[in-house]
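**Student:** The listed protein sequences correspond, in order, to chains A and B. Using numbering that gives the first Met the number 0, you'd call the opening residue of the first sequence number 0 and step up by one each time. Using numbering that gives the first Met the number 0, you'd call the opening residue of the second sequence number 0 and step up by one each time.
Rather than coming from a laboratory, the hints here were simulated on the basis of the structure. Heads up, some of the hints might be wrong.
Stated by the list, open to error - Below 30 angstroms or equal to it, Euclidean Cα-Cα: the simulated DSS-like pairs (lysine-lysine) are:
(1) 232(B) x 205(A)
(2) 87(A) x 227(B)
(3) 232(B) x 282(B)
(4) 152(A) x 87(A)
(5) 210(A) x 282(B)
(6) 53(B) x 87(A)
(7) 37(A) x 53(B)
(8) 32(A) x 103(B)
(9) 210(A) x 227(B)
(10) 103(B) x 33(A)
(11) 53(B) x 33(A)
(12) 37(A) x 200(A)
(13) 37(B) x 1(B)
(14) 200(A) x 53(B)
(15) 205(A) x 21(A)
(16) 195(B) x 318(B)
(17) 32(A) x 318(B)
(18) 37(B) x 32(A)
(19) 1(A) x 202(A)
(20) 37(A) x 318(B)
(21) 33(A) x 318(B)
(22) 1(B) x 210(A)
(23) 32(A) x 1(A)
(24) 103(B) x 37(A)
(25) 202(A) x 53(B)
(26) 1(A) x 21(A)
(27) 87(A) x 1(B)
(28) 282(B) x 37(A)
This structure is a prediction, so every number in the text was calculated from the model and none was measured.
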Amino acid sequence: MKLLMIDTATIVASAAIIDEEKLIGETIVNYEKKHSEKLLPAIDHLLKDVGLSIQTMDAFGVVSGPGSFTGLRIGMATAKGFAQALNKPMVTVSTLESLAVNIYYADGIICPILDAQRSQVYTGVYQADGTQVEQIIPDTVCDINELIVYLNKRSEKKYILGDGCQKYYKEIEDKVDNVYQVMPYLAMNRASSAAQIGIRKMKEGKTVDFKEASLMYIRPSSAEERFGK
Amino acid sequence: MKILAIESSCDETSIAIVEDGRNVIINKIYSQIDIHKKYGGVVPEIASRNHVIKLPYVLESALTESQLTFDDIDAIAVTHGPGLVGALLVGVSAAKALAYALNKPLIGVNHIEGHIAANYIQFPDLKPPFLTLVVSGGHTYLIQVNAYESYTILGRTLDDAAGEAFDKVARVLGYPYPGGPAIDQAAREGNAEAVKFPRVFLDKNSFDFSFSGLKSAVLNYINHCKQKNIEFKREDIAASFQAAVLDVLVEKTCHCAKKTGLKKVCIAGGVSANQGLRTRMKKQAGEEGITVYYPDLVLCTDNAAMIGSMAYYDYQAGKTSDLYLNAEPGLNIE
Ligand SMILES: [Zn+2]
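Same shape as in the complex, but just chain A (with noise of 0.2 angstroms):
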């Protein structure tokens, strides 16, 4: 059962290649936001690196979210692409569960941030129990005050990862005990995560069909917000 599983949520464009619990092959690139001229390009040279076809993928996955809206529609417009294509069933990750799964292994509380602008972040709250992850607190868009409020409220350890770090890790540190900032090749986004998440799902029957496979924004667009949607 193989997956190729595309990410490009945020700055890092990523895809990889799984087989069961294999992970055969993986690109990340974390420079330039250049997603919808490199991706297929990337894939195709990683499929060729691992001696495979795309015709061989059993699904397609990809991170839907939340994310950069372009970025976001840049892996699904392709995942779904390949997915028509090929008539395959797709799953769809969470951006965040993503990062959760980095360090699957934390005691104590996960918490990716990706930076919304705004003062705001697009965060969840997963619980890690050594061996998996688990989210307590659903994906979600906040003040960066009021994460830090809800931090506030949990003693156990808190690790927190994703491309919000970087704005938004000082003042956390500074007004939350017990908090930890996850190492930065560890703290970004990488499709073999993902993946892994992407398995269980084709495992556990919940693929989705190409049509149906659908973008989780969290926030509407300005316009709609404008408008009183």
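Assemble chain B with the ligand onto chain A, guided by the hints.
**Tutor:** The following block gives chain B with the ligand in isolation, referenced to the frame of chain A:
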């Protein structure tokens, strides 16, 4: 050769299958107009969101209704510019994935060239060279089409596109989005002589356009009337405004045709659906021995059939794209 084409540069999600550039097997268009109406115009973020949702459905129904499968398709074409970058990216990403997974050639098509090619579909015998007036919400060009692959821009707008002026005036007059068709309709019921709006011809030998002065004149006139409580018929304003735009468009096009010696003029782009423009152009150009071409209404709006047609000629000229193809919101035609 059957080309599957994708168009998502603005608020239309469209998929078509076109054979040998001229024969449209299917042309499915999902219009988002109803979604954008309440915002008074196209909201790029909302357009992009809907493209991602709708594209697979439109593609599936295009295949089902034409009773074709991906095996019957020889190449994948997609609009990669000009247009709204977020909207273009959806089509481009999908096209690249489809072409890669199906192992078919990929052809990135210029949207403006697509609008011109709509005339190839309508008139199977039409061949370059000819002169074309491209008029839409984003563009106003006089282009000499030397060959399928060779263009010379002879004139362009220095400020607003003609369609942009239509939309703006329509909004101020209280017509719903999209404004162009509403003005065209109202103009038929109004008096075009009611108000004498300026015709901006610029230099006599220039084929460039300028519509911002006219737009301001119309808006000022309406404001003036409102402030002084002067009653006006909005049909009259619509008719007078449209007459001013058409005078310039038709006059310059005919002058340009004469100067270049081209005996064929094609009208292309969203505003080519304007009945007033079609009638005026046919009459005035006809009197000067010029044949005027314009496509059916469905081919005037953004649609993938025109992209599939243009893609065929791109392919014939050896112009295919690689996997690095990107959206180019400001893509040029020359
Ligand atoms: Zn157009």
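**Student:** Evaluate each hint against the coordinates.
**Tutor:** Now for the hints, and whether the structure bears them out:
1. 232(B) x 205(A): The hint is violated at about 61 angstroms.
2. 87(A) x 227(B): At roughly 66 angstroms apart (the allowed maximum being 30 angstroms), residue 227(B) and residue 87(A) break the hint.
3. 232(B) x 282(B): holds, 28 angstroms
4. 152(A) x 87(A): violated, 45 angstroms
5. 210(A) x 282(B): Between residue 210(A) and residue 282(B) the Cα gap is close to 48 angstroms, so the pair fails against 30 angstroms, i.e. violated.
6. 53(B) x 87(A): holds, 18 angstroms
7. 37(A) x 53(B): holds, 24 angstroms
8. 32(A) x 103(B): Holds, because 27 angstroms separates the two Cα atoms, which is no more than 30 angstroms.
9. 210(A) x 227(B): Roughly 56 angstroms separates the two Cα atoms, so the pair is violated.
10. 103(B) x 33(A): holds, 24 angstroms
11. 53(B) x 33(A): holds, 24 angstroms
12. 37(A) x 200(A): Given pair residue 37(A), residue 200(A) holds - Cα atoms ~28 angstroms apart, limit 30 angstroms.
13. 37(B) x 1(B): With a Cα-Cα distance of about 38 angstroms, the restraint between residue 37(B) and residue 1(B) is violated, given a limit of 30 angstroms.
14. 200(A) x 53(B): Measuring from Cα to Cα gives roughly 25 angstroms; hence the hint holds.
15. 205(A) x 21(A): holds, 20 angstroms
16. 195(B) x 318(B): Not satisfied, since the Cα-Cα distance of roughly 48 angstroms exceeds 30 angstroms.
17. 32(A) x 318(B): holds, 27 angstroms
18. 37(B) x 32(A): Between residue 37(B) and residue 32(A) the Cα gap is close to 33 angstroms, so the pair fails against 30 angstroms, i.e. violated.
19. 1(A) x 202(A): holds, 11 angstroms
20. 37(A) x 318(B): Holds, at about 20 angstroms.
21. 33(A) x 318(B): At roughly 23 angstroms apart (the allowed maximum being 30 angstroms), residue 318(B) and residue 33(A) satisfy the hint.
22. 1(B) x 210(A): holds, 24 angstroms
23. 32(A) x 1(A): It holds: about 27 angstroms lies between the C-alpha atoms, which stays within 30 angstroms.
24. 103(B) x 37(A): holds, 19 angstroms
25. 202(A) x 53(B): Holds, at about 28 angstroms.
26. 1(A) x 21(A): Distance of about 9 angstroms is within 30 angstroms: holds.
27. 87(A) x 1(B): holds, 24 angstroms
28. 282(B) x 37(A): violated, 51 angstroms
Going down the numbered hints, you'll see the structure goes against 1, 2, 4, 5, 9, 13, 16, 18 and 28, while the others check out.
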